[in-house]
Amino acid sequence: MPGGRNEVSDVVSGAPWPQFRAVDDVGRQLAAHDYFADEGLATAIFLALKLGKPLLLEGQPGVGKTEAAKALGAIAGRSVVRLQCYEGIDAPQALYEWNYARQLLSLRQAGEQAVDLYTSDFLIERPLLAVLRDPLRRLLLIDEVDRADPEFEAFLLEFLSDFQISIPEVGTQTAAVRPIVIMTSNRTRDLHEALRRRCIYHWIAYPDAEREAEIILRRAGDVVASTAEAVARAVQGLRGLPLAKPPGISEAIEWARAATLLINSAGWPDAFRRAVGVVIKDEEDLATVAPHLDSLLKKSCV
Amino acid sequence: MSVAVPRAVAPLVTFAAVLRRHGFSASSDQMVTFLAGVRLVGPANFESIRLTAYASFAPDYDRHNEFEALFRAHFCAEPMPRTSLPEPGGRSQPGDNLTSPVAAGADRQARRSGKSAADRELLHARRFDVQGTGTLHRQLLELRSHFPQRRCFRVRPARHGKSIHLARSLARAVRTGGDLARPVFRERCLRPRKILLMIDISGSMKGLTPAYLRFAHTIAHAADRVETFTIGTRLTRISAALSRRAEEAAVAAVGNVVLDWEGGTRLGPALGTFFKVPRYFNYARGAAVLILSDALERGDAAELVQAVHRLSRVAWRLSWASPLVAAAHFAPRTAALKRILPFLDDLIDGSSVAALTNFVLRMDEPAPCASQVWTSRLEL
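Protein chains in written order, with our numbering: chain A, 1 to 302; chain B, 1001 to 1380.
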């Protein structure tokens, strides 16, 4: 493709990407922004940025997919433009819309005079167009893409291939440089192979107890180290049970916070037991956990 | 014209071919990404190559272990475990064939009570000789508009819509100099509901299994979003196998994917497993669920009742098709069926494909409560 933006050299030289010399740099810089990435995630981010490809992060809810995008936005000094997907999301909600009410008013005001209704004054930018117009200061987060319809996924394919949008009344809008795009999926359905093929992929698993304790300590603020370690161990145990909704990292952080708040009125491990509703939010799961909770807390609070 | 691949790069290039041979997607784009990635990360060691391979080829999470085994076999010359391989070229996913974690415990309990016929899963493949006439397929395609639908967020112009379609109204206003005498109205579009089929493949359903698979294949190709599972001693997702257009090929693929043909019936644990996989659980949300089973559950039915209750809470409509319903003096008298009846919208005849087809084409009509229907029938 002569002069095309798909060439790696163009991508790297054309945009001020975060300066990562090696995979380890990614992990270090993310940690500086309170995000602890394992080697796999750091490699995937490094490759996505260097090759100018979208990054697809899959994983259970609450493992930190969206947080990874936010941390990367902070490193790159770009604002995160989030497109939250849902069933029925349509191209106008992702691309652009015309401000019809304003257009109608202008039409009435103009009277007999000619008025151009299709200028940028009347254009409402939606996330994809917003990032396309200013890729150097914005990072696109397409969140929970698995919730969108397969048709929307097909539409995204086109956008992610060329990074251009055709607005019939205005013309084709093309990104000056490839924007950073991060997609997340909870894997409630299989994404199409064609979409996966265009992305750098990483499955974010739950962190091990040590890493999770570190995350809790950084994120929960007033939680002490022993509490964070106990919560991390207990949450690991809970994830080993056959639960419909295994607790994510955010639940673990909330559990640590809640238990810390309750410590004055209840001692350990009663504070954990009382706050279990913060971490398990399903009736059947609570019933599954109940017989194991005491032994689990006993083991965790050593 | 063939291009000579440098010796150092050859193992990387041939890895894509290995992946393809084992049914993974490995396009030339991904191959280029993989090579560029390896160049970027070093490669310092095998771990960095492995992580780059994961990031570039994006294997399905269910097949991560298989991908790992292939990587080790290719780059580290470790032996490839035969059991982890699917049919070459197929899309069968080992992760889609799930044994219930509670099955073993339930089995021990059943054995003690003497209600269970066997304490081990007898796993084997099955070949099907299915000859479809195509009539059923044609009938369903013609009547696909009868499949249940729901309103979605998208809108379209509608004469009797309740809100104004601003884009169309503006276009009309431009033609009339800014006057909006007759605004265009809009309404929300309809789209097909998800359909979830669960087929009991235990020994007692042996005779009907081929017909059910043919029915599932037809539905999968006639409706838009269909997920199909088999339930026996374990839960197996067969949607990928049924996605093959040719009926014979699809049913043969199912024969390879499913391992618990004609085994015992552990509907409760199998449905329990269904809920423990979040992805599967989401298939049921708002879906029209049709379970094809005689509900002859071994052992305690408590687990089955709990699972059906849960399914009824997330599904839009929960229907149970049993071949026993066709019998002249049938009544839901077994402990399991009596207890799940209050949670069902329909308990229907599942003895033939014709009966099932007729039901599916009436699914968009309001659902009566199965227990009310059968209570009134028994009173009569």
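Keep in mind the hints are simulated off the structure, nothing from the lab. Hints may be right or wrong, so weigh each one.
What the hints assert, rightly or not - Okay, the calculated bits of chain B under chain A, using three or more residues with CB under 8 Å as the criterion:
#, region
1, 1009-1022
2, 1047-1055
3, 1150-1158
4, 1273-1280
5, 1311-1322
As the list claims (entries may be wrong) - Chain B is nowhere near these chain A residues, computed Cβ spacing over 12 Å in every case:
#, residue
6, Q19
7, K245
8, A258
9, R273
What the hints assert, rightly or not - Restricting the straight-line Cα-Cα distance to at most 30 Å, the calculated cross-link-like pairs of lysine-lysine (DSS-like) are:
#, chain 1, residue 1, chain 2, residue 2
10, B, K1276, B, K1338
11, A, K281, A, K245
12, A, K245, A, K298
13, B, K1206, B, K1338
14, A, K50, A, K70
15, A, K299, A, K70
16, B, K1276, A, K281
17, B, K1276, A, K299
18, A, K298, A, K281
19, A, K245, B, K1206
20, B, K1338, A, K298
21, A, K281, A, K70
Because the structure is a prediction, the values reported are computed rather than measured. In this text, a Cβ means the ideal position worked out from N, Cα and C, and glycines have one as well.
- Message: Verify this label for me: K245/A is non-interface relative to chain B, using a Cβ-Cβ cutoff of 12 Å.
- Response: violated, 7 Å
- Are 3 or more residues of the region 1047-1055 of chain B near chain A, judged by a Cβ distance of less than 8 Å? It holds: at least three residues are needed, and the region 1047-1055 of chain B offers 6 whose Cβ sits within less than 8 Å of chain A.
- Agreement of K1276/B and K299/A with the hint, judged by alpha carbon distance not exceeding 30 Å: holds, 25 Å
- Report holds or violated for chain A covering the region 1311-1322 of chain B, Cβ cut-off 8 Å, minimum 3 residues. violated (count 0)
- Query: CA of K50/A to CA of K70/A, is that 30 Å or under?
  - Reply: Distance ~18 Å between K50/A and K70/A Cα, so the pair holds.
- Query: Is it correct that the beta-carbon of A258/A has no partner in chain B closer than or equal to 12 Å?
  - Reply: Holds, since 24 Å exceeds 12 Å.
- Does K281/A lie within 30 Å of K1276/B when you go C-alpha to C-alpha? holds, 15 Å
- With a cut-off of 30 Å on the C-alpha distance, tell me whether K281/A and K245/A pass. holds, 8 Å
- Message: K298/A and K281/A were given as a pair; does the straight-line alpha-carbon distance stay at or below 30 Å?
- Response: holds, 22 Å
- Per-stretch coverage check for the region 1150-1158 of chain B, three Cβ contacts closer than 8 Å to chain A: With 3 residues close enough to chain A, the hint holds.
- Message: Need the status of pair K299/A, K70/A: alpha-carbon distance at most 30 Å?
- Response: violated, 35 Å
- Query: Is the Cα-Cα distance between K245/A and K1206/B 30 Å or less?
  - Reply: violated, 35 Å
In this structure, the earlier hints numbered 1, 5, 7, 15, 19 and 20 are contradicted, and the remaining ones agree with it.
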